[in-house]
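**Student:** Here's the letter readout for the chains.
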Amino acid sequence: MKKSIVSLKEVSFQYDDQERYALNNVTFDIFEGEWLAIVGHNGSGKSTMAKLLNGLQFPKSGEITVCGLPLNEETIWDIRKQLGMVFQNPDNQFVGTTVQDDVAFGLENMGVPRIEMVHRVEDALKKVKMDQFLYQEPHHLSGGQKQRVAIAGVLALRPAIIILDEATSMLDPRGREEVLATVRDLKAEKQLTVISITHDLDEAAKADRIIVMNKGEVYREGTPEEIFSLDEELIELGLDIPFSVKMTKAFRQMGLTFTKNYLSEEELVTELWTSRLNL
Amino acid sequence: MDISLKSVEYRYQANTPFERLAISDVSIDIPSGTYLALIGHTGSGKSTVLQHLNALLQPTEGTVLIGSQEIKAHQKNKNLKAVRQKVGIVFQFPEHQLFEETVEKDIIFGPMNFGVSESEAKRRARVALKQVGLGEEILEKSPFDLSGGQMRRVAIAGVLAMGPDVIVLDEPTAGLDPRGRKEIMDMFYSLHKERGLSTILVTHSMEDAARYADQIVIMQQGRVAKKGTPEEIFSETAELIQMGLDVPEVVRFQLKLEEKLGSKLDKIYLSIEELSAAVSERLKRGVRS
Chain U
184 MKKSIVSLKE VSFQYDDQER YALNNVTFDI FEGEWLAIVG HNGSGKSTMA
234 KLLNGLQFPK SGEITVCGLP LNEETIWDIR KQLGMVFQNP DNQFVGTTVQ
284 DDVAFGLENM GVPRIEMVHR VEDALKKVKM DQFLYQEPHH LSGGQKQRVA
334 IAGVLALRPA IIILDEATSM LDPRGREEVL ATVRDLKAEK QLTVISITHD
384 LDEAAKADRI IVMNKGEVYR EGTPEEIFSL DEELIELGLD IPFSVKMTKA
434 FRQMGLTFTK NYLSEEELVT ELWTSRLNL
Chain A
536 MDISLKSVEY RYQANTPFER LAISDVSIDI PSGTYLALIG HTGSGKSTVL
586 QHLNALLQPT EGTVLIGSQE IKAHQKNKNL KAVRQKVGIV FQFPEHQLFE
636 ETVEKDIIFG PMNFGVSESE AKRRARVALK QVGLGEEILE KSPFDLSGGQ
686 MRRVAIAGVL AMGPDVIVLD EPTAGLDPRG RKEIMDMFYS LHKERGLSTI
736 LVTHSMEDAA RYADQIVIMQ QGRVAKKGTP EEIFSETAEL IQMGLDVPEV
786 VRFQLKLEEK LGSKLDKIYL SIEELSAAVS ERLKRGVRS
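In the order they appear, the protein sequences are chains U and A.
Quick note on my numbering: the first sequence kicks off at 184 and runs consecutively.
Quick note on my numbering: the second sequence kicks off at 536 and runs consecutively.
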C-alpha cells in the first residue's frame, strides 16, 4: 500500500490583486518515495502549488497535510524541516559568501550545534559531489554547480521531501543533466520523495507519475505512458510530447505499426530493429 | 548590413593583475540576411563575441566591421551610437530590463534615445507590439502587471522599435514553456524573413540551431572550434560529443538506430519527417533485398 506523504484536499488559492483563482479546488496525494512531476504551461498554477506546499502562501480554502501535520502558521517551521525547495534561478538562492557558508546557512537558522553542522555540511556537499569546492565563491561556479550547492543546502537539513521548482530551466544541457543525475542518486540512496515542477517533458517522462495542471486545476494524473498518450491534447495545453513519442508518430504516418508509444529512444530503436527482423 | 569579425581578441581588465583572455583569433563573417547560430558551453566566449557585435566591447586585438563602420583595437572609435541603433541585442531575460511606468513609455524609450520623434516612436511602438503578438490595449498598462511571457514580448518590442537591421538574441526562450518557446522562435524567424534581418542566435538548443540557422559557429575555450551549415556541423557528431556538446535529438536518434542496425543511412537527417521517411524506406527495401 502506498503511503501518502503530502495530501491536498480541495485547495484553492487566489492572489490578492487577481480575479482568477490561481488554484481551483485541487485535490491529490503525493506518495512516499515517488518522483512526481508536475507539468503545466506558464501560469497554469504549478509554481503557486510549490509556494503553498512550503507555506510561502496559505490556501484560501481547503487543507494541505505534510508528513501527517496539517499545514498552518503553527506547523510551518516543522514542515519546512521536512520539505526542502530548490528554486529556478541559481543566482537568486546563494546566500553565503563561500560554498560551505551557503550550505551552513539553513543549519545555523535551525540552531544546529557547530560540530554537528560541520559534519552535515561536508556530508551534504559530498553527496552532490561539490566537496572539492568548500571555499569557492559562488561566482566562480557554473549554473549546474550552483544548483547542486543549493541541493546540498536542502539536504543538510535532512528533509523527507525535495521540491524542484523549475530548478533546471536556466541551466545548459550539461548542467541540467548534472542536477537531475544528482537528485536521482539521492532519491535512490535516501528514499527521498521528489516533486519536480517542470516544463521539461523529457525529464517528466522519467518520473514515476505525472500531474498535468491547466488553468489552476488538475487536468490529468497518471504514469508517463498514460499522460503522453494524450498526445495532441498536451500540445493544445501549451506543452509538448517527448521526442521518442513524436518519432513514433512520424513512423506510423509512414505506415509502420507499433503496439505502443515509446517513452525512451532505446525502446523505439529496439522495436525498429526487431520489426526489421520480423518483416 | 554585413558584420565581420577579423582575428578578434578580447582581454578583460587588460594590463591589470586580473587580466583574463576571453576570446582570441575569432574570425566570423555574417553577410546581410544570414541566420547564424552561435553555440558553445557556458564560458566558451559566446557572450564576449556577442558584445562585439554592437560595439559594447572594443577588441583588444583585431577588427570588427559593422556595416561600413570599422572598430579597431588600440584606437578611439567614434559614432558608436549609429551602430547600436542598427544592431539590436535582446539579452537573456530581457524582461528584467523593463523599467518605465507604462508599456508604451518603455517601448519608445529606445528609439527616442536615438533621436526618433515622440510621435514616430509611438507609431513604431504599435507596429512592434503587433509583431510580438500583443494588442494595443496593453500600451497604457504597467509592464510589471503583465505575465512573464508578455513582459518578455514587451522587452523584445522595445528592441524592434529601434528599427534594427541586425538582431542578436541571447538565449531568448530561457524559462518559457514549450508553446512560448515555439511562438517566440517562430516570431523571430518570420521577422528575419519579412524584414530581411540578419539574426544571430546565441543558444544551447541544438534543435533550434538545426531548425532555424543557415550557419552555425561553435565556440570552445575562446576560439572558433567549427563553422558550417547545420548539415555540415551535425554530420560530424563525434567531434561535437567530444567537445561535450549535444546533437539534435533527431540526429542522436539516427545514430542510435544506425548502431543497432549495423549500417548507416545515406546522410544525416535534421527533421523528424525526413528521418522517418528515410528509415521506413530502408526498412521496406530491406525486406525485398
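Treat the hints with care, since some could be wrong.
[Said to hold, decoys possible] Within a straight-line C-alpha distance of at most 30 Å, the following computed DSBU-like cross-link-like pairs (lysine-lysine) qualify:
(1) A/Lys665 x A/Lys640
(2) U/Lys186 x U/Lys373
(3) A/Lys640 x U/Lys429
(4) A/Lys819 x U/Lys429
(5) U/Lys443 x A/Lys717
(6) A/Lys799 x A/Lys819
(7) U/Lys186 x U/Lys370
(8) U/Lys310 x U/Lys432
(9) U/Lys398 x U/Lys243
(10) U/Lys398 x U/Lys312
(11) U/Lys432 x A/Lys676
(12) A/Lys676 x U/Lys398
(13) A/Lys819 x U/Lys432
(14) A/Lys791 x U/Lys389
(15) U/Lys185 x U/Lys432
(16) U/Lys443 x A/Lys665
(17) U/Lys429 x U/Lys389
(18) U/Lys429 x A/Lys717
[Said to hold, decoys possible] Derived contacts from chain A toward chain U, CB cut-off under 10 Å, selection only:
(19) Leu600
(20) Phe628
(21) Pro629
(22) Gln632
(23) Gly710
(24) Asp781
(25) Glu784
(26) Val785
(27) Lys799
(28) Lys802
(29) Leu810
(30) Ser815
(31) Leu818
(32) Lys819
[To be verified] Chain A stretches covered by chain U per the calculated footprint, using a threshold of three residues with CB under 8 Å from any CB of chain U:
(33) 571-583
(34) 651-663
(35) 674-685
Quick caveat, the hints were computed from the structure, so don't treat them as lab data.
All C-beta atoms in this analysis are idealised placements derived from N, C-alpha and C, irrespective of residue type, glycine included.
**Student:** Could you check if A/Asp781 really has its C-beta closer than 10 Å to a C-beta on chain U?
**Tutor:** This hint holds: A/Asp781 lies near chain U, its Cβ roughly 5 Å from the closest one there, short of 10 Å.
**Student:** Sort out whether U/Lys389 lies within 30 Å of A/Lys791, counting only the CA atoms.
**Tutor:** With a Cα-Cα distance of about 19 Å, the restraint between A/Lys791 and U/Lys389 holds, given a limit of 30 Å.
**Student:** So is the segment 651-663 of chain A in contact with chain U by the C-beta rule, three or more residues under 8 Å, or is the coverage claim wrong?
**Tutor:** violated (count 0)
**Student:** Below or equal to 30 Å on CA atoms is what counts here, so check U/Lys443 against A/Lys665.
**Tutor:** violated, 43 Å
**Student:** Holds or violated: U/Lys185 and U/Lys432, Cα atoms, limit 30 Å.
**Tutor:** violated, 34 Å
**Student:** Does U/Lys370 lie within 30 Å of U/Lys186 when you go C-alpha to C-alpha?
**Tutor:** holds, 16 Å
**Student:** Quick one, is the A/Glu784 hint okay against chain U at 10 Å, beta carbons?
**Tutor:** holds, 4 Å
**Student:** Taking beta carbons only, do three or more residues of the segment 674-685 of chain A come closer than 8 Å to chain U?
**Tutor:** holds (count 3)
**Student:** Between U/Lys429 and U/Lys389, does the CA-CA distance stay at or below 30 Å?
**Tutor:** holds, 16 Å
**Student:** Would the pair U/Lys443 and A/Lys717 pass a check requiring their Cα atoms to be no farther apart than 30 Å?
**Tutor:** It holds: about 27 Å lies between the C-alpha atoms, which stays within 30 Å.
**Student:** Would you check whether A/Leu600 satisfies its interface hint, that is, whether its CB is within less than 10 Å of any CB in chain U?
**Tutor:** Cβ of A/Leu600 sits 30 Å from chain U, so the hint is violated.
**Student:** Regarding the hint that A/Lys802 lies at the interface with chain U, is the smallest CB-CB distance below 10 Å?
**Tutor:** Since chain U brings no Cβ nearer than about 18 Å to A/Lys802, farther than 10 Å, the hint is violated.
The structure fails to meet hints 3, 8, 10, 11, 15, 16, 19, 21, 22, 27, 28, 34 from the earlier list, while all remaining hints are met.
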